[in-house]
Structures are given as C-alpha cells and as structure tokens.
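Novice: Given chain A, put chain B in place with the hints provided.
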Amino acid sequence: MQDVGSLIRNDSVHRSIYTDQHIFDMEMDLIFNKTWVFLAHACEIAEEGDYKTTYIGRHPIIVTRLADGTVTALINRCRHRGPIVCQHEYGNSKHFRCPYHSWTYDNSGNLIGVPMPQGYGKSFDRTQLGLTRVPRVAEYQGFIFGCMTEFGPTLQEHLGGITKFLDAYVAVSPTGKIDLFEGTQKCGYNGNWKYQLENGVDPYHVGALHLSAVTPEAMEIYRQGRGSVVAMDGHGVTDHTDWGPMPVDASLSGGFNLVIFPNLIVLRSQIRTVRPIAVDRTEIYTNAVRLQNVAEDVNLRRMRDQEFEFGAAGTFFTDDLEIFERTQEGLQSGAVDWVVFARGLDREEMRNGYMTGSMSDETQHRGMYQNWKRMMTGVTSPALAAE
Amino acid sequence: MSVQRSDVEDFLYREARLLDTARFEEWLDLFTDDALYWVPAGKDDIDPSRHVSIIHDDKAAMATRIKRLRSGFAFSQDPASRVHRLISNVEVTGPEEGSSIFEVNCMILLVELARKRQTVHTARCEFTLDRSTTTWRIRRKKVNLLRNGEVLESTPFLI
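Going line by line, the protein sequences match chains A and B. Here the numbering used here runs 14 ahead of the position in the first sequence, where the first position is 1. Here the numbering used here runs 39 ahead of the position in the second sequence, where the first position is 1.
Since the hints were derived computationally from the structure, they do not count as laboratory data. Relax, there's no trap hidden among the hints.
When the alpha-carbon atoms are kept at most 30 angstroms apart in a straight line, the in silico DSSO-like pairs for lysine-lysine are as follows: (1) A/108 x A/136; (2) B/98 x B/82; (3) A/108 x B/82; (4) B/82 x A/191; (5) A/48 x A/108; (6) A/387 x A/48.
Bound-form chain A, shown alone (with noise of 0.2 angstroms):
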C-alpha cells in the first residue's frame, strides 16, 4: 500500500482513490467520521418530537427536533443487540422503541426503558447504555450538519467560504428562508462517491455530455466561458453570478453550484445528499428546494424543471448517472494510472484569497483533491493545514 498522501498530484489523482476498498474504508474513518456531514434541512423536522432517518457514512443517523427547539442526531443502532431503532424515513415520536427486548429510547437518546430489568445485576448503569449521540449538531441557514468529532473546527470554520454563498442562496426566497418541497428523489449508480462531487462543480462537461438536454441559451453562455471556478476551503464552487444573480426561477442563467464537502451539493432549485456506499457503489438523494413568498407557479416551475432535469428519469442527471458507471468500469484498468484534473493550472489565479479559475477549469476539484489529502493523511481541515 503506497501513501496514501502521494496518491493526489497537483494535476491528477491516481485511481485507486475510486477502486480501492482500503482507501473507501479509510475514507469512511478519516474524512466521514471526522468531518461535518450534512444530515438534513430545518424545514424536514420543523416541529418539535419530528425526525428523519440519515446517514453519516455508514452509521445510521436519527435526526430530531427535541422540546427546546434544539436538534439532536443519534446514532440508530439499539446498545443491546444492534438493531436500528427506527426504519421510517420521517416522523414524529417522543421515543424510539427497539421490537427485538423492547429497550426504550426518549428522543434525546436516554434510555428510559428495559423489561425485566433485575436480570442485569447491580453493575447494569443504563445510563452508560443510551442511544450514541453525535457528538456536535450545528446548523447554517437551514442547513443542519452532524460531526463525529467532539473537537476541531466548528461548522462555520469548516464551511468558510462558501456561508456566503448559502447566505445568497437563501436569499433568493423573499422571506430569507426556503422550504423543501416534499419527497425526495432517490437514484443510485455503480460508482464512487467522489465522481458526483466533482461533477456538481463541472462545467467543462455540461455542454459535451449534457448536449441533449441544455437549452440553446444556456449553451451559448457555457460556450462563451464566462463565471469563474473556485476552490474555497476545501469545497468547490462554480460561480456564475456575472451572467446573473441565482434566478428565482431557477433557470440555468446564473447563481452558482455549490460542493460541500463531504456530502451536500447545492444548485439552482435542488439540494442533493451523497451517500457513499462502498467504493463501486453511490445513492443520491435530491431533494426540490421551495422560495417563501413567490407565487405559486414559481415555484411549481422550479420543482418541475428539477423534475425534469435531475430526477432518476431526468434529462440531464441519466446522462450524468451513466458517465459515473462508465468511468467506474474504465478506471478498472491500470494501464494508466492517473486521472487528469490540469485544466486551467496555467491560467488559475488566487482572487479574494482563494484560488480562483475560469469558467471550464478545474481548480475547484483540485482544490476538493487537497482537501481530501489533508484529511486522508490526518490534518482535518484547511485551517489547521495552513497554521
């Protein structure tokens, strides 16, 4: 096993960081278990006792809303024998009760009930014996994010950046705050997580491989090259605002994608969650984004081009879909072992303090790429990287 350290060149990444299982499993340790993860959006568990069902690398997750307002996440996973405790997507409970012994959860993980307890002797403390919390929840405009380290940057460090472009993205909605419309669109491929991430902030393909789908105008503006690419802390960002400010309408004519690494893409009328499987094996979970105070066929416009677009039948996102398979089948082949990420490495220049490309290069992955590094080789963040 080479290290893993010298497996990011600054123009290439070797493939083994897509087919490699020790590397998935070590993804999974050193960047999923120590980072922040995107779990959820405010609007999914509005009211108080509401949960949803996530995941944080492959640790199930509840995420709830308790009596003070405040969100808690929860490891699903009974400390008798191990069953998860709660199989519904969404709800609302005040417990969470295991059906194998009937051990009995409160929603902030207590456990408050065990049948025929004197059967334990006196060293059973149930108190050591609640559901595992995640150690820190913290929330960004509506974004709710879970980290399973007790230290190190806090979600704000970690998002740097890119809370301005939240801070923009939220905006677009009259009242400051968005919604979620309901259900989620769910599609899986047969290919590594990090193909999505990249291909979130990717202009360079959208009018090669999108040729069928993108409309004339927005392929005029994609040819014309203008927007700039941006590694910012470690996420990537595409950003298009000088064709325009994000449209309320949600049409391709300007905003920004955003990357957060790990886990959460953000972009026009959508958020969507990746879920790493195994390392030939991704599920995407896209969910519609709804404006507060827009008319009605705003946004049922919005929620039908996302449709349209991006779902599992989406005229954009098949395509998309069908390239990760295809590239998960090619980098098989060790004939060559380095992936090409050099566009723009002559052009990029640090701009606002961040390494800042045009519109077709690929400085945001390189810039995702170093951060995977540092995490991989154990230094956690940007920020400790650069003191």
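Specialist: Okay, now just chain B, sitting in the frame of chain A:
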C-alpha cells in the same frame, strides 16, 4: 354504449408496443394536447403541486423528452434500453352516459435491459382515455411504480 374490455386491451397493447419498439412519435400522437404523463415519486397518491414526482410531463415536456432521445447525444440511451412490457388485470370504469371519457386500471410488468443489467419494475397504471374521436386518445397516463419510494437506477427510457 359501454366500452369492451377487449378493445381497451388492444389499445393498451398497442401503446406498449409503440414504446417497446421505440416508435415514440406515434406514441406521443396517442395523447391529447392537454395530456399528463405522470410517474409519482415516494408513493402513489401524492399532491404533485407539493411533492416531487419522477416524471410529471405535459405534452410539450413529453415532446422535448422524445426529441432528446432522438438527438443522437442521449448518451444514457446509447445503446438504447431494450424494454418488454406485459399488461394484465385490466379494469374499465365508465364512460358515464353522455361522456366519452373513461378510466382504465391495469398492472404492468416492465423489464428493461440496459448497461448489462436487467431491471424489473412492476406498476399499477391508471389511464384516462377519450373515445370521442375514431382513434382513442390518452388524457392522462399515471404509472405507480412499486419501487417509486426506493433508490432507482438511471431510468432514461419512457416508462
């Protein structure tokens, strides 16, 4: 005059054959101009103004979808999916006296072969049909996939 189930079955078989043999333009012609082609996501009975769908197309969107499939650049359909549809459990309701509109429910077993993978879908289909013209027309096709709440592989073909 009531509608004969055998006539409905003939119509459904024809619709299925047009899709299975990629005669998409002829398939589109079966629909009225105000038609809805709908595949709900999550569960069968959702309010599509509040809840996302897998497909919720008016006729213009259907035409755009077909134009894409014909463009030569729909890479997820190169090669195209091969699809077999089996139809059964056909139930006809209406038309009521003085109306040309009637409802059809049926089950569909849809098997897709693409990307070296065979994917099996079953669905309960709802059609609203109009027999006011000599050729029956579809006003609404709703496909309630059994797996509409599950993670789906890429589904680039017409369902």
